[in-house]
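Asker: Take a look at the letters that make up each chain.
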Amino acid sequence: MECVFFDSDAQYITKESTSDADHILLSHGKWALSIPQKELNAFIAAHTAQNIISPLSYLFLMAKEPALYGMILDDYIYLATFQDEEPLFVKIIPREEVYDLAKAIEDFLHEFYEQEKNFFVEKIILYHLSDYILPDNLEERLLLPIQIQKEAPCTEAASRYFLHSSKTLQKSSYKTLKKVAGIVGILFLLLAGYDLYLRYTASIYEGKIAKLVSSQTELANKNNELQTKISWLRRMAPLIRQTKEHNSYLVSFIRDIFDQIPDHSYLTFAGFFKDGLVLKGKTQEPKEIRQLDQVLSRSFREHRLILRRDTKGYRFEAIYKRMHMDNE
Amino acid sequence: MSKKDLFVTIIVGIVGIGVLYLGVLLVLHDVDSLAQSKKRLATQKKLQQYAEQNFEHLQNELQEFSDIMQYTPQSTSKEGVLKLLLTYGKDVRLKKIYTKKEGGVQATYYFAQMRIASPKNLYDLVDMMQKKGYLVRLEWPMRFTKKGKNIDVEFFFTLYRTAFQEKPLPQNPEEEVGL
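If you read the sequences in order, they're chains A and B.
Per numbering that gives the first Met the number 0, the first sequence runs over residues 0 to 327.
Per numbering that gives the first Met the number 0, the second sequence runs over residues 0 to 178.
Any given hint might turn out to be false.
[Claimed, not checked] Computed list of chain A residues with no C-beta within reach of chain B, every gap over 12 angstroms:
no.	residue
1	Thr13
2	Leu24
3	Lys102
4	Asn136
5	Cys153
6	Glu284
7	Pro285
8	Gln293
9	Ile305
[Unchecked claim] Beta-carbon label-pair distances, calculated as ranges:
no.	chain 1	residue 1	chain 2	residue 2	range
10	A	Lys273	B	Gly102	20 to 26 angstroms
11	B	Tyr20	A	Lys149	50 to 56 angstroms
12	A	Tyr248	B	Gln58	27 to 33 angstroms
These aren't lab readings, by the way, just hints derived from the structure by calculation.
Given the structure is predicted, the values throughout are model-derived calculations rather than measurements.
From the three backbone atoms N, C-alpha and C, an ideal C-beta is built for every residue, glycine too.
Can you build the whole structure from these sequences, using the hints too?
Answerer: Shown next as structure tokens:
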């Protein structure tokens, strides 16, 4: 994990535990770091995708022994002493003002020792994280061992004091992504819903079409049958009607003859011809037969009646030829 | 924003746009399908209307033949006539005399003999032939001879057979049938 140090003098050690609208307050247990919101936002804007930590917070984390801790960054040099988990003396010096680092450290130590709460500095631990060229005889002039660290690894513990975390951004990015995905999802659901509605409506239409097609097929078959029957009837009607008429005439003619046979007579033979008629039978009353002959003879041009005496009455034979036509 | 975040954002964006694009394409396709279905439904409704009108027209036209509507090409057959003769008489004998064809109609001339109880049987026979649509024409002469309490009837008739279409009927030489 990499860290970017908040290289600014706009940061102050404070004992207060509450922040105001213009400052953020980062608690370190017994003490807090106050940073103006404006400066921090400007710094974050310039280093958006990285973890940002105050050099003082970092030095506090590294302070495991009574020593002077320093950090040289591009714009400022940070010097601090810590005891009982709180800073005793802290200085942030603009680098452009430091012509002689040994002199600056000496001044820091003088001021530190002048304080009421101090301790004897036996060692200097210096994080050298810029292109600043350290003087060669620093240890000799200060008469103190100096441990120089060229790197300042950002440990997991340091994340407690991050002024800004890349995870925050990551979270923010994920939040944005979630929003985008949500909007896409909602739009997709709307589209899917609309599409389902379209498909459902289309399926209803298709069902109606299928019913209509089936009904049309049925109707077309009926129409074809009707058409065939009509054309057949049209063709056959003269023959059928003529046959019906002929049969009716023939039957009514026969019925008419049989109905006229008198009560005291009966037929043994009746022959119906196209324009003739032959009747044979027996009778008890020849007069009745003669009357019948008279009636029938009106419909024919030629007729003959033969009556013969028999043991039980009379036998008769009547022949009629050349029937009169209706228009005659 | 880290490179990873940027990459994820771009991927999600591309996938999202792709999904929406496909969705829109699908919806547009289905909108088009629905419009086509509507058109087809409208066309089918019109066709249905025409078919119904045609059906109504044909029904009206058929009324012209209401007196002979029972006649169909299928309603007349020699077997049918024989069955009917047996209903009204007994000792039925049928003999084919000749067959001729004219104008798509096959006319077969038969000689028939049957025994009936009274002339009424003959009247009913002819009436039933008409009701059932049998295209049968009774021919002259017709002879009635008294045999005990029954009457032997001898007559000729023509059986007309035809098809809906004027196609020649298959040759089916008929033999004398006696029952």
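Asker: Next, verify each hint and record whether it holds.
Answerer: Hint by hint, here is what the structure shows:
no.	hint	in the structure
1	Thr13	holds, 33 angstroms
2	Leu24	holds, 28 angstroms
3	Lys102	holds, 42 angstroms
4	Asn136	holds, 44 angstroms
5	Cys153	holds, 15 angstroms
6	Glu284	holds, 19 angstroms
7	Pro285	holds, 20 angstroms
8	Gln293	holds, 22 angstroms
9	Ile305	holds, 18 angstroms
10	A:Lys273 with B:Gly102: 20 to 26 angstroms	holds, 24 angstroms
11	B:Tyr20 with A:Lys149: 50 to 56 angstroms	holds, 53 angstroms
12	A:Tyr248 with B:Gln58: 27 to 33 angstroms	holds, 32 angstroms
In terms of the numbered hints stated before, the structure departs from none.
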